[in-house]
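This is what each chain is made of:
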Amino acid sequence: MELKIRRLFRLHKMLVLYSVLIMISILFFFVGLLPAVRKSIAMVQELRVTKEEISRIQKKANLLSSLDQSELQKNAETLLWAVPSERSVPTLLSTIEGLAAKHDIFISEMMIEGISSLASNSGRLAVKPEGNIITETLSLQGDLVQLRNFLFESTRVRRLMRIKDLTLSSLPKTNRIMAQLVIEMFYLPLPVSIGKPSDPLEPFSQRELETLGKIASFPIVYASGGAPVFTNSAPVQGNVPTEPSVLDPFAPPKRVITPVPSLTPRPTPLATATPIQSGPTPTVRAGTPTPRPSSSPTPSPAP
Amino acid sequence: MASQNINLFQAKTTVQPIFSFIERSVKIVALSLLSVVVSGSLMVALSFYVFGQQKDTMEAEKQQFLSRIKEYVAKESLLVMMRNRLVAVDKIVATQVAYAPYIDTTMKIIQSFSLTSFSLDPKNAVSISVSVTTMDEAMGVLKTLMDMEQRKEITTPILQSFVMDKETIKIGLSYFVVL
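Taken in order, these protein sequences are the chains called E and X. In case it helps, this note's numbering puts the first sequence at residues 13 to 315. In case it helps, this note's numbering puts the second sequence at residues 0 to 178.
If you are wondering where the hints come from, they were derived from the structure by calculation, not from laboratory data. Note that the structure is a prediction, hence the values are computed from the model and not measured. Any given hint could turn out to be false.
What the hints assert, rightly or not - Cross-link-like lysine-lysine pairs, in silico, BS3-like; alpha carbons within 25 Å at most:
# : chain 1 : residue 1 : chain 2 : residue 2
1 : X       : 54        : E       : 208
2 : X       : 122       : E       : 176
3 : X       : 26        : E       : 208
4 : E       : 185       : X       : 90
5 : X       : 26        : E       : 16
Claimed, not checked - Negatives, chain E to chain X, calculated, CB over 12 Å:
#  : residue
6  : 91
7  : 101
8  : 120
9  : 121
10 : 151
11 : 182
12 : 231
Glycine included, each C-beta is placed from N, C-alpha and C at the ideal position.
Let the sequences and hints guide you as you build the complete structure.
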């Protein structure tokens with residue numbers, strides 16, 4: 013038997029050699045060459061991805077270098093006025109008071125809901141696309157034209173608000189009307205991170221620029237004595253106080269001009285003389301009507 | 000006398016023709032496969048070299064741009080913050096209700112008479128109550144309402160209530176304002 017095998021090997025030596033070569037080639041093809049080809053294809057794809065990424069990063073770097081930081085900062089301040097990063101209750105109250113004063117409207121009642129604490133809230137994430145909401149219930153008194161103008165302008169001030177509910181009723185024995193409003197005001201915490209450097213960054217779209225321009229055209233309104241320390245070149249309506257008003261709970265004991273923060277500007281409220289206390293029921297009431305300066309009530313334009 | 004070969008070992012080995020054919024075929028297959036494997040290996044090695052070089056170059060370029068971006072981190076954070084806010088602002092502005100047109104329409108209807116109440120329901124139906132002193136004035140208010148409906152300034156005007164006492168007449172109306 014052994015002899016027969018030896019004889020067969022001797023007779024078909026080349027056949028055996030080639031068969032072994034085929035086996036080794038097939039083995040090498042599947043074990044070595046095929047994975048290497050696959051890796052090579054993956055490298056090509058990786059290169060393509062890297063190329064796209066570089067193009068994106070280059071575009072982003074070019075975009076960032078072309079932007080004017082001071083212009084950006086000014087626009088950011090504008091937006092922070094419209095939707096602050098914190099609740100900013102003083103600017104909220106000041107805006108409402110300023111609007112009411114402008115149209116010679118009497119605030120008979122004011123209640124703010126959703127204030128559990130006056131502490132910084134910048135770390136809290138927004139739950140709605142428009143940001144977090146502070147609800148304010150207001151009772152106003154004035155004639156119909158004044159109230160109409162108040163409502164008209166309330167959607168055109170830089171601290172953005174939304175009137176959720178409105179009821180008008182006449183006051184007995186007068187020609188004045190009482191308006192009961194539920195106003196929503198917004199704040200949006202600053203973003204926690206700006207993402208990876210390789211994340212794409214697009215320039216502002218036409219729509220975004222239009223929105224920005226629209227917001228920039230809205231005036232900042234504040235009540236007399238409640239002038240914000242944060243100033244910029246925005247049109248400002250309201251009587252700029254020369255002396256602090258003792259009647260205003262948010263009037264500072266001494267007026268201090270604070271420089272504009274460099275990176276994250278925000279409509280910093282004035283230091284409150286009488287801090288609003290936070291309790292288990294998160295409401296603030298301003299039951300006493302606020303006296304209005306009789307010096308320069310803005311004449312109500314005809315509707 | 001003829002010579003007789005008495006050697007039992009064969010001097011030459013003979014292979015059957017079929018084995019010869021198989022051997023030739025196997026040889027061709029083996030050499031073909033070997034050439035494929037060798038040339039493939041060479042090509043893959045070459046591609047590894049070329050792509051590796053390209054990758055190194057690209058990585059260097061990428062790092063250069065990334066370091067440029069890191070210089071502008073302040074601008075980027077402002078841009079991200081603004082974009083974030085613009086989304087919110089867009090949403091707020093889109094959902095703001097302009098009450099002024101509703102009050103303008105109401106002022107046209109009530110003319111100089113006393114408005115007792117005004118409300119706007121979620122479907123934007125305005126409900127008002129007007130107080131007048133004479134029937135002529137009441138008719139005037141209703142006529143104005145109908146005229147405005149004709150001019151398509153309002154739709155679906157409804158007389159909700161009409162209460163007359165000794166001194167005044169209270170008219171309850173509802174309508175939709177055409178914006």
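Taking the hints in turn, this is what the structure says about them:
1. 54(X) to 208(E): holds (21 Å)
2. 122(X) to 176(E): holds (13 Å)
3. 26(X) to 208(E): violated (58 Å)
4. 185(E) to 90(X): Distance ~42 Å between residue 185(E) and residue 90(X) Cα, so the pair is violated.
5. 26(X) to 16(E): holds (24 Å)
6. 91: Given a closest Cβ separation of 4 Å, the condition is violated.
7. 101: Fine: 18 Å to the nearest Cβ keeps residue 101(E) off the interface.
8. 120: holds (17 Å)
9. 121: Given a closest Cβ separation of 18 Å, the condition holds.
10. 151: holds (14 Å)
11. 182: violated (5 Å)
12. 231: holds (16 Å)
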